[in-house]
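J.: Next come the chains, spelled out residue by residue.
2 protein chains.
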Amino acid sequence: MKTYLDCLPCFLSQALKASRIATADEKMQREVMDQVMEQLIRLPLDASPPQIARMVYGTIRTVSGNRDPFSAIKQKQNELALDFYPEMKAMVRDSDDPLLLAVKLAIAGNIIDMAIQREIIDIREEVLSIVSSPLVVNDYAVLRKSLTDAKQLLYLGDNAGEIVFDRILIEELTTMGTPRIVFAVRDEPIINDATCDDARAVDLDRHAEIMSSGSGAPATVLSECSSEFVHLFRKADMIIAKGQGNYESLSDEGENLFFLLTVKCPVVARHLGLQVGDRVLKSNRGSSKS
Amino acid sequence: MKTYLDCLPCFLSQALKASRIATADEKMQREVMDQVMEQLIRLPLDASPPQIARMVYGTIRTVSGNRDPFSAIKQKQNELALDFYPEMKAMVRDSDDPLLLAVKLAIAGNIIDMAIQREIIDIREEVLSIVSSPLVVNDYAVLRKSLTDAKQLLYLGDNAGEIVFDRILIEELTTMGTPRIVFAVRDEPIINDATCDDARAVDLDRHAEIMSSGSGAPATVLSECSSEFVHLFRKADMIIAKGQGNYESLSDEGENLFFLLTVKCPVVARHLGLQVGDRVLKSNRGSSKS
Numbered sequence: 000m001k002t003y004l005d006c007l008p009c010f011l012s013q014a015l016k017a018s019r020i021a022t023a024d025e026k027m028q029r030e031v032m033d034q035v036m037e038q039l040i041r042l043p044l045d046a047s048p049p050q051i052a053r054m055v056y057g058t059i060r061t062v063s064g065n066r067d068p069f070s071a072i073k074q075k076q077n078e079l080a081l082d083f084y085p086e087m088k089a090m091v092r093d094s095d096d097p098l099l100l101a102v103k104l105a106i107a108g109n110i111i112d113m114a115i116q117r118e119i120i121d122i123r124e125e126v127l128s129i130v131s132s133p134l135v136v137n138d139y140a141v142l143r144k145s146l147t148d149a150k151q152l153l154y155l156g157d158n159a160g161e162i163v164f165d166r167i168l169i170e171e172l173t174t175m176g177t178p179r180i181v182f183a184v185r186d187e188p189i190i191n192d193a194t195c196d197d198a199r200a201v202d203l204d205r206h207a208e209i210m211s212s213g214s215g216a217p218a219t220v221l222s223e224c225s226s227e228f229v230h231l232f233r234k235a236d237m238i239i240a241k242g243q244g245n246y247e248s249l250s251d252e253g254e255n256l257f258f259l260l261t262v263k264c265p266v267v268a269r270h271l272g273l274q275v276g277d278r279v280l281k282s283n284r285g286s287s288k289s
Numbered sequence: 000m001k002t003y004l005d006c007l008p009c010f011l012s013q014a015l016k017a018s019r020i021a022t023a024d025e026k027m028q029r030e031v032m033d034q035v036m037e038q039l040i041r042l043p044l045d046a047s048p049p050q051i052a053r054m055v056y057g058t059i060r061t062v063s064g065n066r067d068p069f070s071a072i073k074q075k076q077n078e079l080a081l082d083f084y085p086e087m088k089a090m091v092r093d094s095d096d097p098l099l100l101a102v103k104l105a106i107a108g109n110i111i112d113m114a115i116q117r118e119i120i121d122i123r124e125e126v127l128s129i130v131s132s133p134l135v136v137n138d139y140a141v142l143r144k145s146l147t148d149a150k151q152l153l154y155l156g157d158n159a160g161e162i163v164f165d166r167i168l169i170e171e172l173t174t175m176g177t178p179r180i181v182f183a184v185r186d187e188p189i190i191n192d193a194t195c196d197d198a199r200a201v202d203l204d205r206h207a208e209i210m211s212s213g214s215g216a217p218a219t220v221l222s223e224c225s226s227e228f229v230h231l232f233r234k235a236d237m238i239i240a241k242g243q244g245n246y247e248s249l250s251d252e253g254e255n256l257f258f259l260l261t262v263k264c265p266v267v268a269r270h271l272g273l274q275v276g277d278r279v280l281k282s283n284r285g286s287s288k289s
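One line per chain: the protein sequences are A and B, in this order. Numbering that gives the first Met the number 0 applies: residue 0 is where the first sequence begins, and numbers increase by one. Numbering that gives the first Met the number 0 applies: residue 0 is where the second sequence begins, and numbers increase by one.
It is possible that some hints are incorrect.
Where chains are identical, the list cannot tell them apart; a pair therefore holds if satisfied intra-copy or between any two copies.
[As the list claims (entries may be wrong)] Capping the alpha-carbon separation at 25 Å, the derived lysine to any residue pairs in SDA-like fashion look like this:
#, residue 1, residue 2
1, 75, 93
2, 26, 45
3, 88, 253
4, 26, 264
5, 1, 23
In case anyone wonders, no lab produced these hints; they're calculated from the structure. No experiment lies behind these values; they were computed from the predicted model shown.
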């Protein structure tokens with residue numbers, strides 16, 4: 000997915016929000032804004048939004064000197080989600096279709112996202128509401144069928160906190176007998192995206208192999224990923240990609256991709272033909288709105 | 000009121016929205032965005048937001064070659080409001096306190112604003128809801144008292160459409176015997192702000208003298224206004240200023256000012272100690288929240 004004009008004010012807005020998290024110094028915040036605008040002027044928009052976001056957040060890091068502004072927020076998000084873990088496990092256990100419930104939880108977990116503008120007051124309440132309502136795009140039957148043959152499954156993670164929800168789904172996949180599951184994370188801290196440290200902090204390494212994508216973009220920009228990662232990406236039978244960033248960077252890739260996400264911005268909504276807030280399980284083979 | 004960092008992404012967002020109204024040419028829209036960012040970089044923020052907005056909307060005009068992109072929208076807004084005029088007059092006539100109701104209608108009319116992000120689906124419904132709820136800042140008693148002595152009243156208009164609501168209040172002031180009322184408008188088209196032509200289109204000239212402020216800013220930036228206007232501004236017994244723009248540009252001026260507005264953005268909300276959506280009748284003498 001390319002970048003749209005609508006993304007430019009959004010990048011600037013994100014830059015302000017993140018620079019306020021990175022530093023209390025208003026002069027530095029202003030310097031971030033100025034440098035970001037300098038970068039955006041006449042910037043070709045054929046890159047995907049996460050490629051530009053990487054530059055924006057890199058500027059915040061450089062100007063503020065704060066390498067990981069979202070560190071405390073990520074820790075908090077992981078803790079909040081872990082608190083909710085036992086209840087989620089019980090929900091899956093008691094469900095008529097544990098895999099479907101685990102998928103819905105993984106999509107619901109995608110709301111834990113600092114890049115968007117709104118605050119999550121009560122994660123638990125919102126998650127329960129999402130799980131009890133239908134997916135707007137629902138390729139569950141295709142996903143379920145693909146799983147029966149999948150020997151190598153690559154799971155592309157997204158945010159801290161959300162990865163606890165992913166753990167639930169991965170545990171379910173393990174129970175179903177998927178032979179090899181690799182959970183991919185960002186190579187270095189960016190926004191509240193999960194890194195190796197985060198994956199280990201929520202014990203994901205007990206259930207999957209953890210692998211860095213080799214890139215620090217808040218997405219999976221293949222041209223920036225390590226050859227080891229790209230090799231796995233090409234040979235995996237099945238890829239589950241979480242969140243908008245992974246959709247933005249991979250929407251033009253193969254048919255073995257499944258996108259699990261909550262639509263968070265009008266640009267992605269338009270690209271998908273959906274509304275902001277819609278929950279999506281989309282096979283890249285082509286899917287139908289429910 | 001000075002400009003805040005939060006205003007920068009908002010200017011860029013407004014520039015995109017307005018440039019799409021001004022032209023269908025995406026290259027021109029991008030050129031607007033680039034030029035606006037060039038202007039905003041390292042721009043001192045001690046000017047008020049409307050001074051910067053004037054520059055932004057001037058860029059849209061220059062790049063698109065469209066002198067008045069909002070012309071059709073303004074005409075539509077005037078027509079919509081005129082359709083609602085008889086019902087508003089009946090509401091005022093049947094009210095226990097016609098002046099208070101006319102004041103509330105004038106504040107409600109401030110929702111007809113293209114500079115904000117949301118769309119007004121049904122003006123009538125929203126207006127009725129506003130009129131039936133209390134003002135969050137309510138200096139009506141001070142306003143009422145000031146009116147008894149006022150010989151020259153200057154009324155600073157804001158948007159097209161909204162001026163029909165202002166007409167209701169001005170007719171009420173005339174009925175109460177205010178000797179001279181001057182209704183001030185922008186000197187040239189900017190966003191959907193009312194000009195002399197708009198004021199005449201809704202027959203405001205039957206009830207007040209129409210005067211241009213001499214400035215094309217979407218507000219009352221005194222340093223840019225004509226000497227004739229500033230003279231009147233200084234000698235008026237009482238000034239009613241409509242909308243956020245006039246508040247942003249005049250909040251540091253005299254005690255004879257009354258601001259009638261709906262709070263539309265988080266920055267103005269913070270400056271006033273209020274919430275977005277709050278309705279305000281504020282005396283510049285100092286006021287109390289109700």
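J.: With identical chains, the pair residue 75 and residue 93 could be close in the same copy or across copies; at 25 Å between alpha carbons, which is it: within, between, both, or neither?
T.: neither (28 Å within a copy, 57 Å between copies)
J.: Regarding residue 26 and residue 45, is the shortest C-alpha distance of 25 Å or less found within a copy, between copies, in both, or in neither?
T.: Cα proximity of residue 26 and residue 45: across copies only (14 Å, versus 32 Å in one copy).
J.: When no copy is specified for residue 26 and residue 264, does a C-alpha distance of 25 Å or less occur within a copy, between copies, both, or neither?
T.: Between copies, since 23 Å is at most 25 Å while 29 Å is not.
J.: Measure nothing new, just compare the shortest in-copy and cross-copy C-alpha distances for residue 88 and residue 253 to 25 Å and report within, between, both or neither.
T.: Classified as neither: same-chain Cα gap 32 Å, cross-chain 64 Å, threshold 25 Å.
J.: One pair to classify: residue 1 and residue 23, alpha carbons no more than 25 Å apart. Within, between, both, or neither?
T.: between (33 Å within a copy, 19 Å between copies)
Hint check: violations occur at hints 1, 3; the rest are consistent with the structure.
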